[in-house]
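> Chain B: place on chain A using the hints.
Number of protein chains: 2
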Amino acid sequence: MASEFMAYLDKSKAIGNALALIHWDMSTGAPPGGIPARAKTFGILAEEQFTLAVSGKMQEFLQAPQEGLDELERVSMRESQKFYDSWKNIPPEDIGKYNELLGNSQSVWEKAKAESDFASFAPALEQIIQWQRRFATLRGVSGNPYDALLDDYESGMTTEKLDAFFSQLKKTIVPLVQEISEKGKKFDASFAKRPVPAETQKKISKLLMDRLGFDFKCGMIRESVHPFTTNFSKGDVRITTNYHENDFLSSFYSVLHETGHALYEQNIGDEVAETILGKGASMSIHESQSRFYENVIGRSREFWESVYGSVIALLGKEFSDVTAEDLYFASNQAKPSLIRIESDELTYSLHIMVRYEMEKEIIINGRPVAELPALWNEKMREYLGLTPPDDAHGILQDVHWSQGSFGYFPSYALGNAYAAQFLHFMKKDIPVFELVKKGDLKPITQWLTSKIHMHGALKTPEEIVVGATGEPLDASYFTNYLESKFRAICLQ
Amino acid sequence: MASEFMAYLDKSKAIGNALALIHWDMSTGAPPGGIPARAKTFGILAEEQFTLAVSGKMQEFLQAPQEGLDELERVSMRESQKFYDSWKNIPPEDIGKYNELLGNSQSVWEKAKAESDFASFAPALEQIIQWQRRFATLRGVSGNPYDALLDDYESGMTTEKLDAFFSQLKKTIVPLVQEISEKGKKFDASFAKRPVPAETQKKISKLLMDRLGFDFKCGMIRESVHPFTTNFSKGDVRITTNYHENDFLSSFYSVLHETGHALYEQNIGDEVAETILGKGASMSIHESQSRFYENVIGRSREFWESVYGSVIALLGKEFSDVTAEDLYFASNQAKPSLIRIESDELTYSLHIMVRYEMEKEIIINGRPVAELPALWNEKMREYLGLTPPDDAHGILQDVHWSQGSFGYFPSYALGNAYAAQFLHFMKKDIPVFELVKKGDLKPITQWLTSKIHMHGALKTPEEIVVGATGEPLDASYFTNYLESKFRAICLQ
Numbered sequence: 001m002a003s004e005f006m007a008y009l010d011k012s013k014a015i016g017n018a019l020a021l022i023h024w025d026m027s028t029g030a031p032p033g034g035i036p037a038r039a040k041t042f043g044i045l046a047e048e049q050f051t052l053a054v055s056g057k058m059q060e061f062l063q064a065p066q067e068g069l070d071e072l073e074r075v076s077m078r079e080s081q082k083f084y085d086s087w088k089n090i091p092p093e094d095i096g097k098y099n100e101l102l103g104n105s106q107s108v109w110e111k112a113k114a115e116s117d118f119a120s121f122a123p124a125l126e127q128i129i130q131w132q133r134r135f136a137t138l139r140g141v142s143g144n145p146y147d148a149l150l151d152d153y154e155s156g157m158t159t160e161k162l163d164a165f166f167s168q169l170k171k172t173i174v175p176l177v178q179e180i181s182e183k184g185k186k187f188d189a190s191f192a193k194r195p196v197p198a199e200t201q202k203k204i205s206k207l208l209m210d211r212l213g214f215d216f217k218c219g220m221i222r223e224s225v226h227p228f229t230t231n232f233s234k235g236d237v238r239i240t241t242n243y244h245e246n247d248f249l250s251s252f253y254s255v256l257h258e259t260g261h262a263l264y265e266q267n268i269g270d271e272v273a274e275t276i277l278g279k280g281a282s283m284s285i286h287e288s289q290s291r292f293y294e295n296v297i298g299r300s301r302e303f304w305e306s307v308y309g310s311v312i313a314l315l316g317k318e319f320s321d322v323t324a325e326d327l328y329f330a331s332n333q334a335k336p337s338l339i340r341i342e343s344d345e346l347t348y349s350l351h352i353m354v355r356y357e358m359e360k361e362i363i364i365n366g367r368p369v370a371e372l373p374a375l376w377n378e379k380m381r382e383y384l385g386l387t388p389p390d391d392a393h394g395i396l397q398d399v400h401w402s403q404g405s406f407g408y409f410p411s412y413a414l415g416n417a418y419a420a421q422f423l424h425f426m427k428k429d430i431p432v433f434e435l436v437k438k439g440d441l442k443p444i445t446q447w448l449t450s451k452i453h454m455h456g457a458l459k460t461p462e463e464i465v466v467g468a469t470g471e472p473l474d475a476s477y478f479t480n481y482l483e484s485k486f487r488a489i490c491l492q
Numbered sequence: 001m002a003s004e005f006m007a008y009l010d011k012s013k014a015i016g017n018a019l020a021l022i023h024w025d026m027s028t029g030a031p032p033g034g035i036p037a038r039a040k041t042f043g044i045l046a047e048e049q050f051t052l053a054v055s056g057k058m059q060e061f062l063q064a065p066q067e068g069l070d071e072l073e074r075v076s077m078r079e080s081q082k083f084y085d086s087w088k089n090i091p092p093e094d095i096g097k098y099n100e101l102l103g104n105s106q107s108v109w110e111k112a113k114a115e116s117d118f119a120s121f122a123p124a125l126e127q128i129i130q131w132q133r134r135f136a137t138l139r140g141v142s143g144n145p146y147d148a149l150l151d152d153y154e155s156g157m158t159t160e161k162l163d164a165f166f167s168q169l170k171k172t173i174v175p176l177v178q179e180i181s182e183k184g185k186k187f188d189a190s191f192a193k194r195p196v197p198a199e200t201q202k203k204i205s206k207l208l209m210d211r212l213g214f215d216f217k218c219g220m221i222r223e224s225v226h227p228f229t230t231n232f233s234k235g236d237v238r239i240t241t242n243y244h245e246n247d248f249l250s251s252f253y254s255v256l257h258e259t260g261h262a263l264y265e266q267n268i269g270d271e272v273a274e275t276i277l278g279k280g281a282s283m284s285i286h287e288s289q290s291r292f293y294e295n296v297i298g299r300s301r302e303f304w305e306s307v308y309g310s311v312i313a314l315l316g317k318e319f320s321d322v323t324a325e326d327l328y329f330a331s332n333q334a335k336p337s338l339i340r341i342e343s344d345e346l347t348y349s350l351h352i353m354v355r356y357e358m359e360k361e362i363i364i365n366g367r368p369v370a371e372l373p374a375l376w377n378e379k380m381r382e383y384l385g386l387t388p389p390d391d392a393h394g395i396l397q398d399v400h401w402s403q404g405s406f407g408y409f410p411s412y413a414l415g416n417a418y419a420a421q422f423l424h425f426m427k428k429d430i431p432v433f434e435l436v437k438k439g440d441l442k443p444i445t446q447w448l449t450s451k452i453h454m455h456g457a458l459k460t461p462e463e464i465v466v467g468a469t470g471e472p473l474d475a476s477y478f479t480n481y482l483e484s485k486f487r488a489i490c491l492q
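Here the protein sequences line up with chains A and B, keeping their order. Just so we're aligned: the first sequence equals residues 1 to 492 in the numbering used here. Just so we're aligned: the second sequence equals residues 1 to 492 in the numbering used here.
Next comes chain A alone, as it looks inside the complex:
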């Protein structure tokens, strides 16, 4: 029975792989003429996968006597049960229709963003939100539909818990940003806008991925409008980036970020990797890894010292006046800005708060789509003191909503907090920044692999963080990290 159940889940995994490949393909160059047919295929396969998860057959498996299961089978059963309980009231046809809509929406968003035209994305967004609210309401147990969505990305997460979490972050970040804006040191980072051809940036990507230990026999990098990571097995993990000629640091940090995700997937234990648990413990834990490599390592002075020579050699003589220290400061300008994925570590969480507030308005309060751009700009002024010049630099900047990912953004902020906590305890075991300075990241990745990566989703986020650090998540590691880092850089 157990092996029959695992074979049944293999089917779901196979369809999931096909869906991921369609998504990869449509994001990395598929011709526009194929969108409607591809969206239809996407809808049909998503419906098939969903049907497997809520079928009578699944119910049989879940009700069968569960004795003699090994850990993999037991956790697979528990996760299947959780999904079944949460989604069993949703008709599979709805999932098919909804996913066909998503299959069409990403390119609608891409075009709307390119033309900074929110109105052309609004009808698709409107429909996605209607489905999201419908699903959330049908699934919701706490009475708060947003909680159902949060729970998809971080098991047990609620609006109440997040409100408290963000309020704690705010207490440190808001006055610190204020203080830095008033009396912080001013850097001239204009060199970072000097043109760097995509071909050069591609070589930098390769250099960074090699440095972090990305295995190119088991993965690759391509380009897409919005950077992302996907995988079809631990032997095939793919990341994308987006090269901006006048902002090479944008792709630089995207690549570090996505490679962080990729290392997680490449290092999942063999026995777990090709099952439905061959993925991150949660989105937040996944983000903790991407943001650990991007920020904790990638935005450290020691990292810049170690890659400086190779990067400057690639950037060429136009950058010969730039020092490692310049690059370190340019990567850590604590300054409110418009684009989340290009923002610094300190103000980053404010971007997430804007999105979190927006999503609560949308999902809980049903704010009409037409009002969203104005609301976005209002929140940006409130949290970051800036008004976007257009929707491309405002509400349209991120791909997530076009993919139906509501409730995902908080994972980024939680990921930052997890990352800081991991760093605190990792430093007790190994000399983290000495290693970074030497360019030897292996012991760091080994630490993360043994405590986090190898387990895949066999452990819950709480089990992971307690296993790795001996404590549950505590945001003060992150606020302390920010205080100490940014006071040193900007105020001393």
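Everything labelled a hint here was simulated from the structure, so no lab data went into it. Hints may contain errors.
It does not matter which identical chain is used: a pair holds within one copy or between any two.
[Unchecked claim] The list that follows gives simulated cross-link-like pairs (lysine-lysine, DSS-like), each with its CA atoms no further than 30 Å apart:
#: 1; residue 1: K203; residue 2: K111
#: 2; residue 1: K485; residue 2: K185
#: 3; residue 1: K217; residue 2: K97
#: 4; residue 1: K111; residue 2: K217
#: 5; residue 1: K427; residue 2: K82
#: 6; residue 1: K438; residue 2: K183
#: 7; residue 1: K360; residue 2: K442
#: 8; residue 1: K97; residue 2: K279
#: 9; residue 1: K170; residue 2: K217
#: 10; residue 1: K317; residue 2: K335
#: 11; residue 1: K442; residue 2: K206
#: 12; residue 1: K485; residue 2: K111
#: 13; residue 1: K206; residue 2: K335
#: 14; residue 1: K217; residue 2: K438
#: 15; residue 1: K82; residue 2: K11
#: 16; residue 1: K97; residue 2: K360
#: 17; residue 1: K171; residue 2: K193
Given the structure is predicted, the values throughout are model-derived calculations rather than measurements.
Just chain B now, kept in the frame of chain A:
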């Protein structure tokens, strides 16, 4: 019921699209580490698709009263019935295992070919052949297992019919090749081996695809070891080529060939395109289109006259001594050679006969795999008078067997014959080569679209050829075409 049946077939189409995308992906750069997991996914999805086609549900559909069906539903029902009858005795698990094997085999073949090491491909080939013979025997009605395989690519085709067809071709081709080798004019085509960088060849590909009318909004070109065409809808049709720096004509004709396939798919009627009948009437009819554009048009004097200026401009000053006439002759050297896809129109069919003889030995007579390289070389000596220097230039040159495509090769020769017959009748309607000379291929493609492309698989090969030419297939159009073309080029 009819609409329920069509929705059921949509599911099969969606899984088929996913399988085609996996195949595309693995042929165009997927990392090697992902092969085993991808092969497993491939096997599971293939089994799912097969199960749909032979399920109890399918049987119900087929047994339901079939009244009030439109043509699309009627033909879909007929094709489903045919597949069901032929395959119902094969256990779906076998299809899963077999396709997992195929998912692994293509890269085994790629490596074996690169290293010219037949022994490393032999175990995979051995297993594929065992499955093929097993399926053919379980399905075979005529007592000849190879007939079941031939029928997959050309409905109603048998070994008996093909023996007669090839014997007719031989009667013209063998003495003509002999006569040309004895007293044919000698051309110096060594210029065709001058180096042409891949970047230049890419521009030539684009030029040719534009010239033929390929719609880049609804398709694209990439590179793979073996050129092929695939599609996910008429809005997303993809071809590949393979650039050889010292043989630019190789990719030149691959691109014309694959674009011929692609035009067929891009021009299928909208109402048929996204159903299971949205494909060619048969592999032979499909090959008739690829070989029509590659050979009938692409190897004509008029085509070279019309593209000469643009191609020479791209080739650059190293080719400034080359005339359109030189290119025409270089593309029509009637001379036995080792590689099928690079061979001339006259000797091409001899390559197909070698493969046909090989497949009969393998499928009907069960010739052991270890004996195949020697048998291949023997047949090459018999038909073409040449001995391959190694297996990469011999038995390993083609991808087909690694994909389980036994019975496919004869489609190429049949395609040539169909193409010549279409040309004969097209010339009665429009001034074919005057148009080619002017570079105006639209009326030619319109003729082919209205008689062939638009119908997809709604008509049988016989209905297509009779509809287009008023007669069933007659190989003498092809033998006459070869006689008149190659006598003019080589013997006058």
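> With reference to the structure, classify each hint as holding or not holding.
Do the hints match the structure? See the list:
| no. | hint | verdict |
| --- | --- | --- |
| 1 | K203 / K111 | both (29 Å within a copy, 27 Å between copies) |
| 2 | K485 / K185 | within (14 Å within a copy, 81 Å between copies) |
| 3 | K217 / K97 | between (37 Å within a copy, 25 Å between copies) |
| 4 | K111 / K217 | between (34 Å within a copy, 15 Å between copies) |
| 5 | K427 / K82 | neither (36 Å within a copy, 68 Å between copies) |
| 6 | K438 / K183 | neither (34 Å within a copy, 73 Å between copies) |
| 7 | K360 / K442 | neither (41 Å within a copy, 56 Å between copies) |
| 8 | K97 / K279 | both (26 Å within a copy, 26 Å between copies) |
| 9 | K170 / K217 | neither (43 Å within a copy, 48 Å between copies) |
| 10 | K317 / K335 | within (29 Å within a copy, 55 Å between copies) |
| 11 | K442 / K206 | within (17 Å within a copy, 45 Å between copies) |
| 12 | K485 / K111 | neither (39 Å within a copy, 51 Å between copies) |
| 13 | K206 / K335 | within (29 Å within a copy, 46 Å between copies) |
| 14 | K217 / K438 | within (25 Å within a copy, 49 Å between copies) |
| 15 | K82 / K11 | both (18 Å within a copy, 27 Å between copies) |
| 16 | K97 / K360 | within (25 Å within a copy, 48 Å between copies) |
| 17 | K171 / K193 | neither (33 Å within a copy, 72 Å between copies) |
Of the numbered hints listed earlier, those contradicted by the structure are 5, 6, 7, 9, 12 and 17.
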